[in-house]
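Protein chains in written order, with this note's numbering: chain A, 1 to 392; chain B, 1 to 392.
These are computed hints drawn from the structure, not numbers from a lab.
Treat the hints with caution; some may be incorrect.
Using 25 Å as the maximum straight-line C-alpha spacing, the simulated PhoX-like pairs for lysine-lysine come out as follows [stated by the list, open to error]:
#1 72/A to 91/B
#2 72/B to 91/A
#3 188/A to 368/B
#4 101/B to 142/B
#5 282/B to 262/A
#6 329/A to 176/B
#7 326/A to 279/B
#8 131/B to 72/B
#9 282/A to 279/B
#10 368/B to 131/A
#11 368/A to 188/B
#12 52/B to 72/A
#13 231/A to 326/B
#14 326/A to 231/B
#15 134/A to 72/A
#16 326/B to 279/A
#17 279/A to 262/B
#18 147/B to 194/B
#19 282/B to 326/B
#20 101/A to 188/A
#21 371/A to 176/B
#22 52/B to 131/A
#23 91/B to 91/A
#24 262/A to 262/B
#25 176/A to 329/B
#26 91/B to 72/B
#27 176/A to 368/B
#28 176/B to 368/A
#29 91/A to 131/B
#30 188/B to 142/B
#31 279/B to 262/A
#32 131/B to 52/A
#33 176/A to 371/B
#34 371/B to 131/A
#35 371/A to 131/B
#36 72/B to 72/A
#37 262/B to 282/A
#38 131/A to 91/B
#39 82/B to 131/B
#40 192/B to 142/B
Because the structure is a prediction, the values reported are computed rather than measured.
2 protein chains.
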Amino acid sequence: MRYINFLLFLFITSLLTLCTPRDIRVGSFIYVVERENSTLAVIDIENYQVVKRIPLEANLRHATIVFEPSLKYGYIATRNGKLNRINLETKEYDGYIETSKNSIGLAISQDGQTIAVSEYEPGGITIVSVKDFKIKQVIPAKIGNNKYSKVTGLVDGPENSFICALMDSNEIWILKRENPVDPESPYKITHKIKTADLYPFDGLITPDGRYYVNAHFKSNILSFIDLWNLKDRAEKIDFGKYSKKTPVKMPHMEAWANADEKIFIAANGEPLLHVINAKTLKYSHSIPIIGDGVYTVVHPFQKEIWITFSGESDGKIQIIDTRTEKTIKILDVGKKIYHLAFTPKGDRAFVSSNATNELIVIRTYDYKIIKRIPLNSPSGIFGVWRAYQIGL
Amino acid sequence: MRYINFLLFLFITSLLTLCTPRDIRVGSFIYVVERENSTLAVIDIENYQVVKRIPLEANLRHATIVFEPSLKYGYIATRNGKLNRINLETKEYDGYIETSKNSIGLAISQDGQTIAVSEYEPGGITIVSVKDFKIKQVIPAKIGNNKYSKVTGLVDGPENSFICALMDSNEIWILKRENPVDPESPYKITHKIKTADLYPFDGLITPDGRYYVNAHFKSNILSFIDLWNLKDRAEKIDFGKYSKKTPVKMPHMEAWANADEKIFIAANGEPLLHVINAKTLKYSHSIPIIGDGVYTVVHPFQKEIWITFSGESDGKIQIIDTRTEKTIKILDVGKKIYHLAFTPKGDRAFVSSNATNELIVIRTYDYKIIKRIPLNSPSGIFGVWRAYQIGL
Chain A
1 MRYINFLLFL FITSLLTLCT PRDIRVGSFI YVVERENSTL AVIDIENYQV
51 VKRIPLEANL RHATIVFEPS LKYGYIATRN GKLNRINLET KEYDGYIETS
101 KNSIGLAISQ DGQTIAVSEY EPGGITIVSV KDFKIKQVIP AKIGNNKYSK
151 VTGLVDGPEN SFICALMDSN EIWILKRENP VDPESPYKIT HKIKTADLYP
201 FDGLITPDGR YYVNAHFKSN ILSFIDLWNL KDRAEKIDFG KYSKKTPVKM
251 PHMEAWANAD EKIFIAANGE PLLHVINAKT LKYSHSIPII GDGVYTVVHP
301 FQKEIWITFS GESDGKIQII DTRTEKTIKI LDVGKKIYHL AFTPKGDRAF
351 VSSNATNELI VIRTYDYKII KRIPLNSPSG IFGVWRAYQI GL
Chain B
1 MRYINFLLFL FITSLLTLCT PRDIRVGSFI YVVERENSTL AVIDIENYQV
51 VKRIPLEANL RHATIVFEPS LKYGYIATRN GKLNRINLET KEYDGYIETS
101 KNSIGLAISQ DGQTIAVSEY EPGGITIVSV KDFKIKQVIP AKIGNNKYSK
151 VTGLVDGPEN SFICALMDSN EIWILKRENP VDPESPYKIT HKIKTADLYP
201 FDGLITPDGR YYVNAHFKSN ILSFIDLWNL KDRAEKIDFG KYSKKTPVKM
251 PHMEAWANAD EKIFIAANGE PLLHVINAKT LKYSHSIPII GDGVYTVVHP
301 FQKEIWITFS GESDGKIQII DTRTEKTIKI LDVGKKIYHL AFTPKGDRAF
351 VSSNATNELI VIRTYDYKII KRIPLNSPSG IFGVWRAYQI GL
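Excised from the complex, chain A in its bound form:
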């Protein structure tokens, strides 16, 4: 009888525990890459608690995350070629598939049904189905006899397309489904477009899905294509006329900012911010800034851009009015700023200060630091709202 009572007790307590509605609050959490730990810190941005650290099968240098529009899963491309999946509801690790030896980026299709991963080794693109988390297709970036190119600058485009750059053949490739609206339909390469210079190494798509822009390694030239009016060759913006150094963009980290009709691009190794007209994609002018800019991130209201720096100005954030181009504020925060992200309605900014091992929360209203959250070597910061933006 004692045994029965014990069983009953077990039964009832289990029922009570398990029946308690779980509090998922999928939108309350951001995911921050802890690079040296190979973990993903899950942070509740309502109370700033680190609720979990998800260990990944990963080398997390330049790791980026995409989120399904259903907000059920997030996917992380990693430098050891393993595409990791996390469950956004349980905040738990949910396995991996091996797509290559070395992946650099990923994108999720407009309909949320397909993930593409860009690979360095062997060069190519791997197409993964969201439905069953399985590889559907491997598209080698073949550029000659037994020669393959590294693939980078991967973004999602209109009509469930993907756009990427081939570093070793100086091309932009556009991939589309044979039947654009059928997630089961295989992807094929529909366009191969020569870039305007050698060794393209990153890319972005403008929020209207019209222009795709590449930076080139050790070059003063940007390539761009107009997706509404495709040509055989990319057009170029030659910064050499205006500036000695080359613009650099980090993979998938919004290192370039688009506010209204302006695209802001930091000149690497030179205290200048270049402004490009987003309608014509022509160089407009340059703005002097306090150091070598790394990230230029636009506030959701598009009124401000926030710039982080390498070199002597590292740790500072310069805030510039996108319309007047005047400096509003220079903040002094952290050391080795590896990423900066805003909440979607822009009330707060999150800053990864890698060398001081903290995530810094800044209130945008009065530019005050309201929280320092200890983390281990934080880098990329990812909020689930990215699921609802093209090119992220």
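On the provided structure of chain A, position chain B as indicated by the hints.
Chain B in isolation, oriented as in the chain A frame:
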């Protein structure tokens, strides 16, 4: 012993059932108001199934929904003054609080911590805490001895402010927290600004959080204020010079479209679409359209606006290129189109066809109707991604 076995069996099966991870997929569902039923249809937009009908304590004429950024709860303001709450994880009704006799709209603060409800009877604004779903404050719209105004055109603004229009005193009110960043801090009226004409009855805020614009009842004039540069009186756009009829906007339904530097406003009772410069808020020109426009909704890429109609062109959707202003397509769908909404990455549009009792799903890629979902008197269509946009 048999009893023990039975208990064990119960225990294990319960554990198994309850431990099975629930599939929340909060981002996969849209909520469509079924006006005559007083229900909210929950539709899985991956497989187009109506998974549930949530009965509400409500009169759902002009019912609108806001979502917490945590994506835990959604809130519906109703014409019988009851603020209903739904749980987005369980997709279940989660109670109501009575805020007035008749509510017309609602908004959620930039930080997601406060909801404001605009009331017709008695006129005023009710402030509700998201944390405990309780009324924190009632702000009567007192405009004289025992005189109160109907409040409408309510939106969230920068710094956790709310902006609204007083129909009976021809004013715009701005409400801010005493301490803008403390959700516990009470709201106070910081500005009362005279509108440019009588009887303002709706409003919008531009996505950069800068301009607030009102329509006026039976008037050819729009009022607007510049939140960066507040004055005692609203400025005006007088359509009387260009057009006989008055522009109309339905509450909170994005009946005006903002694409890049243009705001598109349908002229009520006249086959014209007015274009306003979004930078200067000056009238630019008008575009002839096929009928009396009701909703003008911009595609997320801002390349197209989709226009619905009343009168003879009811049931049609005219699609116009926002840059060239040429007609791309005229679709013939349904009858009494009560709302139109896009997915956030723009692959599909959802259209409420009230008279034919269906939600129509249109693929934006080729403008094909891919699904007709039977519903009862559908009107407003709400996706959880609205949580991440100002003014929605």
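Comparing the hints with the structure gives:
In summary, the hint linking residue 72/A to residue 91/B is supported, as the alpha carbons are separated by about 15 Å, within the 25 Å threshold. Between residue 72/B and residue 91/A the alpha-carbon distance is near 15 Å, which keeps this suggested pair within the 25 Å criterion. Distance hint between residue 188/A and residue 368/B is fulfilled; the C-alpha atoms sit about 23 Å from each other, no more than 25 Å. For a cut-off of 25 Å, the pair hint linking residue 101/B to residue 142/B stands: about 16 Å separates their Cα positions.
Distance restraint check for residue 282/B and residue 262/A: the Cα-Cα separation of roughly 22 Å lies within the 25 Å cut-off, and the hinted pair is therefore satisfied. Annotation: proposed proximity of residue 329/A to residue 176/B holds, straight-line Cα distance about 24 Å (limit 25 Å). Taking the CA atoms of residue 326/A and residue 279/B, the gap is near 19 Å; set against the 25 Å cutoff, the hint holds. Our distance criterion of 25 Å between C-alpha atoms is met by residue 131/B and residue 72/B, whose separation comes to about 11 Å.
Restraint check for residue 282/A and residue 279/B: satisfied, since their Cα atoms lie roughly 21 Å apart, inside the 25 Å limit. Restraint check for residue 368/B and residue 131/A: the C-alpha separation of about 24 Å stays at or below 25 Å, so the hint holds. At roughly 23 Å between alpha-carbon atoms, residue 368/A and residue 188/B fall within 25 Å of each other, so this suggested pair holds. With a C-alpha separation of about 19 Å, the suggested pair residue 52/B and residue 72/A falls inside the 25 Å cut-off, and the hint holds.
For the hint pairing residue 231/A with residue 326/B, the CA-to-CA distance comes to about 24 Å; that is within 25 Å, so the pair holds. Taking the CA atoms of residue 326/A and residue 231/B, the gap is about 24 Å. The hint holds against a cut of 25 Å. The straight-line distance between the Cα atoms of residue 134/A and residue 72/A is roughly 16 Å, inside the 25 Å bound, and the hint therefore holds. Among the hinted pairs, residue 326/B with residue 279/A is consistent with the structure: their alpha-carbon atoms are about 19 Å apart, no more than 25 Å.
With a C-alpha separation of about 14 Å, the suggested pairing of residue 279/A with residue 262/B holds against the 25 Å cut-off. With a CA separation close to 17 Å, the supplied pair residue 147/B and residue 194/B stays within the 25 Å bound. Taken as a hint, the residue 282/B and residue 326/B pair is honoured in the structure, with Cα atoms around 22 Å apart against an allowance of 25 Å. Note on residue 101/A and residue 188/A: the hinted pairing holds, with a Cα-Cα distance of about 22 Å set against a maximum of 25 Å.
Annotation: proposed proximity of residue 371/A to residue 176/B holds, straight-line Cα distance about 23 Å (limit 25 Å). With a CA separation close to 23 Å, the supplied pair residue 52/B and residue 131/A stays within the 25 Å bound. Taking the CA atoms of residue 91/B and residue 91/A, the gap is about 20 Å. The hint holds against a cut of 25 Å. The hinted pair formed by residue 262/A and residue 262/B meets the criterion: a straight-line CA distance of about 16 Å does not exceed 25 Å.
As the CA atoms of residue 176/A and residue 329/B are separated by approximately 24 Å, the hinted pair is consistent with the 25 Å bound. A threshold of 25 Å between alpha carbons decides the hint, and for residue 91/B with residue 72/B the separation of about 10 Å falls inside it, so the pair holds. Restraint check: the Cα-Cα separation between residue 176/A and residue 368/B comes to about 19 Å, which is no more than 25 Å; the hinted pair holds. In summary, the hint linking residue 176/B to residue 368/A is supported, as the alpha carbons are separated by about 19 Å, within the 25 Å threshold.
Of the pairs offered as hints, the one joining residue 91/A and residue 131/B holds, with about 22 Å between alpha carbons and a cut-off of 25 Å not exceeded. Taking the CA atoms of residue 188/B and residue 142/B, the gap is about 13 Å. The hint holds against a cut of 25 Å. At most 25 Å may separate the alpha-carbon atoms for a hinted pair to count; residue 279/B and residue 262/A meet this at roughly 14 Å. A hinted pair counts as satisfied when its Cα atoms are at most 25 Å apart, and residue 131/B with residue 52/A qualifies at roughly 23 Å.
Of the pairs offered as hints, the one joining residue 176/A and residue 371/B holds, with about 23 Å between alpha carbons and a cut-off of 25 Å not exceeded. The straight-line distance between the Cα atoms of residue 371/B and residue 131/A is roughly 21 Å, inside the 25 Å bound, and the hint therefore holds. At roughly 21 Å between alpha-carbon atoms, residue 371/A and residue 131/B fall within 25 Å of each other, so this suggested pair holds. Restraint check: the Cα-Cα separation between residue 72/B and residue 72/A comes to about 14 Å, which is no more than 25 Å; the hinted pair holds.
Of the supplied pair hints, the one linking residue 262/B and residue 282/A holds, its CA atoms being roughly 22 Å apart against a limit of 25 Å. Restraint check for residue 131/A and residue 91/B: satisfied, since their Cα atoms lie roughly 22 Å apart, inside the 25 Å limit. For the hint linking residue 82/B to residue 131/B, the alpha-carbon distance of about 18 Å falls within 25 Å, and the restraint holds. For the hint linking residue 192/B to residue 142/B, the alpha-carbon distance of about 12 Å falls within 25 Å, and the restraint holds.
In this structure, none of the earlier numbered hints is contradicted; all agree with it.
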